[in-house]
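Participant: Here is what each chain is made of, one letter per residue.
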Amino acid sequence: LAKTTQPISMDSYEGQEVNITCSHNNIATNDYITWYQQFPSQGPRFIIQGYKTKVTNEVASLFIPADRKSSTLSLPRVSLSDTAVYYCLVGDLNNDMRFGAGTRLTVKP
Amino acid sequence: DGGITQSPKYLFRKEGQNVTLSCEQNLNHDAMYWYRQDPGQGLRLIYYSQIVNDFQKGDIAEGYSVSREKKESFPLTVTSAQKNPTAFYLCASSFSTGGNTEAFFGQGTRLTVV
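Keeping their order, the protein sequence lines are chains A and B.
Heads up, the first sequence is in our numbering, so the first residue is 19 and it goes up one at a time.
Heads up, the second sequence is in our numbering, so the first residue is 45 and it goes up one at a time.
One should not assume that every hint holds.
In silico BS3-like cross-links for lysine-lysine, where the CA-CA straight-line distance does not exceed 30 Å [what the hints assert, rightly or not]:
#, chain 1, residue 1, chain 2, residue 2
1, A, Lys-126, A, Lys-72
2, A, Lys-87, B, Lys-53
3, A, Lys-70, A, Lys-87
4, B, Lys-115, B, Lys-53
5, A, Lys-21, B, Lys-127
6, B, Lys-53, B, Lys-114
7, B, Lys-101, B, Lys-53
8, B, Lys-101, B, Lys-58
9, A, Lys-21, B, Lys-101
Derived list of chain A stretches under chain B, where covered just means 3 residues or more per stretch with a C-beta under 8 Å from a C-beta of chain B [stated by the list, open to error]:
#, stretch
10, 54–65
11, 117–125
None of these hints come from the bench; they were simulated from the model.
Glycine residues also receive a C-beta, built at the ideal position from the N, C-alpha and C atoms.
I would like the entire structure built from these sequences, with the hints used as guidance.
Facilitator: Pasting the structure below:
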């Protein structure tokens, strides 16, 4: 199972773009990269998932370089409501959904 | 509405008592998971099940037990052997345990043991 490393915390201001990078040096060929968001006292919710290059949805973009050893979650124009913990998961065919400590993002006015 | 439901939202128990947390899903998902979350910490995997009548231990299974008799249900029992059971417990489900899986989470049960 590929281990992931993320910054423990990040601060930003409203309206800025936020980029959170996740390192996964041991990513395997069949692994996908998935990001979740968690608000206090709630279960995490799916944000975005990708395998390579770039994926974009209405909430975020996910950038994955060619070697796939890292990935970057990009949140455009954050607001106060984006303050949350963001988790990066890397899964294989026997994925057992193990979460790391995540990145605590604080958006300031 | 389709979803995953945990009950109760808050649970209080006396030390030494076993307690069972409920998790039900109507998403027709094969895989289900239980996590524990302590204040300011990430999620730690307790148990997971890929199919009915089968489950595997996660990283912190000691003091916990599960069953998977029905596809829709994956109850977690916190036994008296669990040294520090007070925590926030989260249940999740997904179509499979493949790498391109998206998991759906319940709203959690906050267990307090006094």
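Participant: Indicate, hint by hint, whether the structure satisfies it.
Facilitator: Comparing the hints with the structure gives:
1. A/Lys-126 - A/Lys-72: Between A/Lys-126 and A/Lys-72 the Cα gap is close to 28 Å, so the pair holds against 30 Å.
2. A/Lys-87 - B/Lys-53: 39 Å, violated
3. A/Lys-70 - A/Lys-87: 10 Å, holds
4. B/Lys-115 - B/Lys-53: 22 Å, holds
5. A/Lys-21 - B/Lys-127: Holds, at roughly 28 Å.
6. B/Lys-53 - B/Lys-114: With a Cα-Cα distance of about 22 Å, the restraint between B/Lys-53 and B/Lys-114 holds, given a limit of 30 Å.
7. B/Lys-101 - B/Lys-53: 24 Å, holds
8. B/Lys-101 - B/Lys-58: 26 Å, holds
9. A/Lys-21 - B/Lys-101: 19 Å, holds
10. 54–65: Coverage by chain B holds here, the residue count being 7 at a Cβ distance below 8 Å.
11. 117–125: That given contact holds, which follows from 4 residues of the stretch 117–125 of chain A lying within Cβ reach (below 8 Å) of chain B.
Violation of the numbered hints given earlier is confined to hint 2; every other hint is satisfied by the structure.
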